[in-house]
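Same order as they appear, the protein sequences are chains A and B.
FYI, our numbering numbers position 410 of the first sequence as 410, with every residue one higher than the one before it.
FYI, our numbering numbers position 368 of the second sequence as 799, with every residue one higher than the one before it.
Calculated directly from the structure, the hints in this document are not laboratory data.
Check the hints yourself; a few may be wrong.
As the list claims (entries may be wrong) - As a list, the in silico DSS-like pairs of lysine-lysine whose alpha-carbon atoms are at most 30 Å apart:
no. : chain 1 : residue 1 : chain 2 : residue 2
1   : A       : 33        : A       : 303
2   : B       : 591       : A       : 44
3   : B       : 551       : A       : 303
4   : A       : 12        : B       : 786
5   : B       : 786       : A       : 44
6   : A       : 183       : B       : 773
7   : B       : 773       : A       : 156
8   : B       : 712       : A       : 145
9   : A       : 207       : B       : 712
10  : B       : 591       : A       : 187
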Amino acid sequence: MNQPDRKQNPVKEQLSAKNIDIAALRPDTYTLKNGITIDVFHSKAIEIMRLDFVFESGKAYANNTLAAIAAMALVTEGTSKHTAQEIANFLNFRGITIERTIDSLNTYFTIYLQNKYLSETLPLLKEIFCDCTFPQNEYEIYLQKKRQEFENQLQKTTYQASVACLQNIFGSDSIFGKYLTLKDFDKITLEQVRDFHQQYYQWQNCKIFAAGNVTQTNIQAFEETFGTIACDKVYKLIVPQQIQNQAITKNINIADAVQTSVRIGKTINASWDSMEFAKLMVANTLLGGYFGSRLMMNIREDKGYCYGIYSMLQVERNAIYMIISTEVGTEVTQSAINEIFNELQRMQTEPVSDEELQRSKSYLVGDFMRSIDGVYELLERYRSFHTSHTNDTFTHNYLAAIESTTAQDITDLAKKHFKPQDFVTVTAGNI
Amino acid sequence: MIDFEKTTLPNGLTLLTHQERNTSLVSVNILYNVGARDENPDRTGFAHLFEHLMFGGSANIPSYDQVADNVGAENNAFTNNDITNYYITLPKQNLETALWLESDRMNLLDFSEKSLSVQKNVVTEEYRQRYINQPYGDLWLLLRPLAYKVHPYRWCTIGKDIAHVQDATLGDVEDFFYRYYRPNNAIVAVAGNIDHAEVQDLVAKWFGDIPHGPANKRCLPAEPEQTEAREQTVRRNVPASVIVKSYKMCNRLSPDYYVFDLISDILSNGKSSRMYNELVKRRRLFTKIDAYITGDIDEGQFVVSGYLADGVSPQAADEAIVEQLQSIATQYVDEYELQKVKNNAEAALLQSQYKCIDRAMRIAYFENLGDAALANTEPQMYARITPYDVQRVAKAAFQPRRCATLYYLKNENN
């Protein structure tokens, strides 16, 4: 038998981003008669189709944040033709699931269904989105559940710290700092929910995505169901202004907490389509973007202060921000924060070795390959382009940056973007 | 349907290979047939601590993660009461590095006192993060010892007392390794854009010379039949009271396992389910209620867990749950309702096998149960269930004397 040489890594290929063909990742786009577009990612091998409907009806559009959240939750709770129970029976009998999420600017509905049920399900989906009636009984039941869930969230150090960090970066009245409050529950009315749906679930601003074995017949079915909807109602779209945060340190006291949630963040002053930002993503990976990162190696693997620590860059429409997050033992809170700032400083002063840089780049190539491995994943990429108003230039630059970023680039970028004095530091815990 | 080939090396290692052409990746999943149920009752949490130590360095590889990062791999692991499972996904051209990594740590671990002491702290923070520092976090720490008195399912994977983890020694680690982390106690599943024969050769090359260990003859104390209802009440600083009722069910290999699964769907899967419509919507006793099975290999639990609406007494909530269970035990479920949950199960199965790594994990799991081919018979296991089966299983299982009830109540002043 072929004896293994255990001393040597039998690696076959140093990974490179050069050979990745971005064009192959693009969808086929179909435009219905009324202008609604469907981005389709084809795969004959998949038996469950994924459909996403994205409406520009996020939390920032509502006076009462809860109105936007409730509208999303209640669209399936009754139409003028079907009761909530009938709709649930239809979906459950076919094993169809609908997942929903909402962020600052958009509401997302993700539907998983077997191909064989598509044509009979599309008319019901249209009815749900266009003709939902928001019955009083379902509304009351929902609010009671939602309030309990929200009170539960408020007890978590993770939730308190995450929200406070974003609110201190962007301002609590701003587009990206708008979060649910208990007051919203006291003030909400069913009329507000109905009005919100009426005004902001507009097809002019809806985008459909599909992934799976989507046939010509299916496309025809989309045309017949959704191509006839009037797309004439418009409303003013929110255009976020770029913001630069003030440095703030804040603690939220949570009695009985045995861990402190630490969130350290700031806005990033760079454009999503610049090479500077693409290279900054490599720098952020080195800092805290993967298991081998400096934060993880120091604060988890050397000190044992936490179970995990991450740094991430988030691209929103006209806004990019960075957040470092971890949950640490109450007694080591300050030591952990000191180490985080040491690492930010070290990125500026201590050049990364070739070995460390190459390792993070190889990780990123593998990570990118996983992020495009499958049509659901491809759909999600394009969906994020749509909602953040970005495009393939982002990917193009990113792959180029994985190839070209140097140790000097990392030091320069850290000096500009990782200055300790620019960060908002929020802790939530018993300290 | 997952197509696979199965081979066994002379040292007892089982290999399963699954080919999927539509991917540039390959996943390697290694299941070790050891979990928290195999722990010494005075050293609980050890299987999971050991999983952390598996990343602390092996004879020829000081850092597993650095090598993995260098070949573009993503890897992780989990431990539960039954098994410990490691997985790594990477671009297919570097498959052999994954095999090098996994075989080197199966061959000989080599980590320091420092690594042990750091990972004890990491696990302690994991314990605080998951079980202490959030509302309802300790619910399972309470429910397990209420439901089981003898079988090792009475403790959680993290351990019944986190002090056990702090007490672990390097000697314990070595014993555990040579007892459980041997090729004859492992199943390797490789799935992705691969050639069966090529992978079989590579696995023989990298794993073939690892010595086998003692046969893993598991001899766990059986949980005696429960003869009277158990209950416990705790008060916590939480926004809503929760009631949890746990009934003993069959083991994973019993055909009735699938009947229990469908019963849980009839009761609470989706807004067309019975408990949602009756208890949440019509009677407004709960804001949220779920029924589910724990999925354990040995005799597991059928659990109903509900969040009480404001002003509802725990007794009223309890009675309402019992009523629902009794109605399944006394009246035949109608064909439409049964078909609905079967369809749901079919769709959920398809959805759970979307990724290659899901399929690798799945065949390894079923091989550990006895036969990887069982992964493909699940649709039939659901399809054959009749209204009679549902009633028979419910009648036997949902008796008060077989139930453990945990009242997890909010503080009065909250």
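Legend entry - Non-conforming hints, listed in increasing numerical order: 1, 2, 6, 7, 9 and 10
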